[in-house]
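In this note's numbering, the protein residues as written are 827 to 1268.
Keep in mind that the hints were calculated from the coordinates and are not lab data. Hints may be right or wrong, so weigh each one.
[Stated by the list, open to error] SDA-like mimics (lysine to any residue), calculated; alpha carbons at most 25 Å apart, straight line: (1) 1073 - 1113; (2) 1009 - 955; (3) 1268 - 955; (4) 1218 - 1179; (5) 1103 - 1130; (6) 1047 - 1074; (7) 1260 - 1206; (8) 1218 - 1154; (9) 1047 - 1058; (10) 1033 - 1015; (11) 991 - 1117; (12) 1033 - 1056; (13) 899 - 879; (14) 918 - 869; (15) 876 - 1130; (16) 1260 - 916.
[Stated by the list, open to error] Here are the simulated distance ranges between beta carbons: (17) 918 - 1048: 22 to 30 Å; (18) 986 - 1016: 30 to 38 Å; (19) 1228 - 1208: 22 to 30 Å; (20) 1033 - 1207: 13 to 21 Å; (21) 1077 - 1121: 24 to 32 Å; (22) 1107 - 963: 23 to 31 Å.
Everything numeric in this text was worked out from a predicted model, so none of it was measured. Positions of the beta carbon are idealized from the N, C-alpha and C atoms, including for glycine.
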Amino acid sequence: MKKINLTVVGAGSTYTLGIMSSLVSEKANFPLRRVVFYDIDAPRQELNAKATEIMFKELYPEIEEFIYTTDRKVAFENSDFFFMQIRTGGLKMRERDEQIPLSHQCVGQETCGAGGMAYGLRSIGDMIDLIRDIRCYQKEAWILNYTNPAAIVAEALNREFPDDKRILNICDMPAAIMVSYAKLLGCEIWDFVPEYFGLNHYGWFTKIKNKQGEDLTQKIKDIILKDGITAVDSVIANDPSWQATFKNMEVMLRDNPEFLPNTYLQYYLYPEKMVSKEDINNTRARQVINGREKQVFAMCRRIIENNSIQGEDLHADIHGRYMIRVAASLAYNKGDIYLVIVPNNGAINNIQDDAMVEIPCMLTSDGPKAFAIGNIPTFQKAMIEIQLGYEKLVVDAWYEGSKQKLINALTLNRTVVNVPKAKIIVEEILNENKQYLPQFFK
827 MKKINLTVVG
837 AGSTYTLGIM
847 SSLVSEKANF
857 PLRRVVFYDI
867 DAPRQELNAK
877 ATEIMFKELY
887 PEIEEFIYTT
897 DRKVAFENSD
907 FFFMQIRTGG
917 LKMRERDEQI
927 PLSHQCVGQE
937 TCGAGGMAYG
947 LRSIGDMIDL
957 IRDIRCYQKE
967 AWILNYTNPA
977 AIVAEALNRE
987 FPDDKRILNI
997 CDMPAAIMVS
1007 YAKLLGCEIW
1017 DFVPEYFGLN
1027 HYGWFTKIKN
1037 KQGEDLTQKI
1047 KDIILKDGIT
1057 AVDSVIANDP
1067 SWQATFKNME
1077 VMLRDNPEFL
1087 PNTYLQYYLY
1097 PEKMVSKEDI
1107 NNTRARQVIN
1117 GREKQVFAMC
1127 RRIIENNSIQ
1137 GEDLHADIHG
1147 RYMIRVAASL
1157 AYNKGDIYLV
1167 IVPNNGAINN
1177 IQDDAMVEIP
1187 CMLTSDGPKA
1197 FAIGNIPTFQ
1207 KAMIEIQLGY
1217 EKLVVDAWYE
1227 GSKQKLINAL
1237 TLNRTVVNVP
1247 KAKIIVEEIL
1257 NENKQYLPQF
1267 FK
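Work the whole structure out from these sequences, hints included.
This is how it looks when you write it as structure tokens:
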């Protein structure tokens, strides 16, 4: 089995150490020769890198080379895979993304609604720039993108690089949900064969089967309706906000029992409820700044100070393991089935071909092979088409510098709908993001 050279782009992320723990757990499936960290924020990256170096010495000595750098040439040369997880503007801008819509009684969330629009607009340019540079050095490397909001980023990348078949957009939320399903049934997520359709953060499980072909869907529904469901993946299990989110899955299932929902649908189905529970002075971004960010970097400092990971509670979380197993299926032509984001191209018969949909695909060395979904029901089709219009208009607006298209986009989005609010929110978001979005101020 060929050993892989991997570059992590956005290695200053609070998720990086978890991904590195996952690489340790998955080394039999995805063996590594070399790991490179790249980030423009050198101090954040250095903390993750020095802690990772110690972890690798103790748990993954087979890795021949580990380096971290802010030099793109060093980072991008000779890599087989790129894991992309950038956050343009950092958590500081995420906080403003959430506060602006909340100040107008609209959902303020990282990837949904107006906040997601702002984050997406900032992400597009940097992602395009990074991929262009990667392709200067590595024409055939796989680029696996975790950067949010994945739906908007995937739409933009598909337009910018329509012939590049080695860019794949991925989200771990369906996997995090399936980890909770597995806990309910006393099995492993890898035992499941899911049937699912939608857009990113906007989809439904139609069936969950095991590898023996047994349909487990009704059993899962019955348990959720009787006992509820909790977040169990290590990244989110101790987060009260995520536990409340998983509790809402029971509400969504009771209100519409046909399919098992993605957690993020709560923002579109119950926007007033979502707004009412938020504190504009203690947004999710602020909670991450005061919570996970401090905890992760404190752990890094302890590991560096002790020159050992002994005593630290390091987890191989689903965020990392899912990405790694996707990469392994591509690298070694395994043909495993995962939920990924791909051009529709007829997979869902009754929506447009150029939609970037999240559906099951068989992953081979030639890329994803999408499974046919067929026609989807009227309610879900209408929901998807409205959200798809919003996503496409946001990307149109980025290319054209069109404020009107942003207003139109938010008017379609179920978290805003109201035209006067859309106009005010767009104005405030653009003013806040002036340095990132000069095309709107020409």
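For each hint, the structure was consulted:
As the CA atoms of residue 1073 and residue 1113 are separated by approximately 19 Å, the hinted pair is consistent with the 25 Å bound. Pair hint residue 1009 plus residue 955 does not hold up; C-alpha atoms about 41 Å apart against a cutoff of 25 Å. For a cut-off of 25 Å, the pair hint linking residue 1268 to residue 955 stands: about 21 Å separates their Cα positions. With a CA separation close to 13 Å, the supplied pair residue 1218 and residue 1179 stays within the 25 Å bound.
Among the hinted pairs, residue 1103 with residue 1130 is inconsistent with the structure: their alpha-carbon atoms are about 39 Å apart, more than 25 Å. Only pairs whose Cα atoms come within 25 Å are accepted, and residue 1047 paired with residue 1074 is accepted, the gap being roughly 13 Å. Proximity of residue 1260 to residue 1206 is assessed by CA-CA distance (about 36 Å); at most 25 Å being required, the pair is judged violated. For a cut-off of 25 Å, the pair hint linking residue 1218 to residue 1154 is broken: about 31 Å separates their Cα positions.
Of the pairs offered as hints, the one joining residue 1047 and residue 1058 holds, with about 17 Å between alpha carbons and a cut-off of 25 Å not exceeded. At roughly 14 Å between alpha-carbon atoms, residue 1033 and residue 1015 fall within 25 Å of each other, so this suggested pair holds. Distance check on the hinted pair: residue 991 and residue 1117 sit about 38 Å apart at the alpha-carbon level, beyond 25 Å; violated. In summary, the hint linking residue 1033 to residue 1056 is supported, as the alpha carbons are separated by about 20 Å, within the 25 Å threshold.
Under the criterion of a C-alpha separation no larger than 25 Å, the hint pairing residue 899 with residue 879 is consistent with the structure, at around 21 Å. A distance of roughly 16 Å separates the Cα atoms of residue 918 and residue 869; the hinted pair therefore holds under the 25 Å criterion. Simply put, residue 876 and residue 1130 have alpha-carbon atoms about 6 Å apart, close enough for the 25 Å limit, and the pair holds. A hinted pair counts as satisfied when its Cα atoms are at most 25 Å apart, and residue 1260 with residue 916 qualifies at roughly 15 Å.
Checked against the hint of 22 to 30 Å, the C-beta distance between residue 918 and residue 1048 comes to roughly 44 Å, which is inconsistent with it. At roughly 34 Å, the beta-carbon separation of residue 986 and residue 1016 lies within the given 30 to 38 Å, and the hint holds. For the pair residue 1228 and residue 1208, the beta carbons lie near 25 Å from each other, so the given range of 22 to 30 Å is met. The hinted range of 13 to 21 Å is satisfied by residue 1033 and residue 1207, whose Cβ atoms lie roughly 18 Å apart.
Look at residue 1077 against residue 1121: about 30 Å separates their beta carbons, and that is inside 24 to 32 Å. For the hinted restraint 23 to 31 Å between residue 1107 and residue 963, the CB-CB distance of approximately 44 Å leaves it violated.
The structure does not agree with the numbered hints 2, 5, 7, 8, 11, 17, 22 stated previously, though it agrees with the rest.
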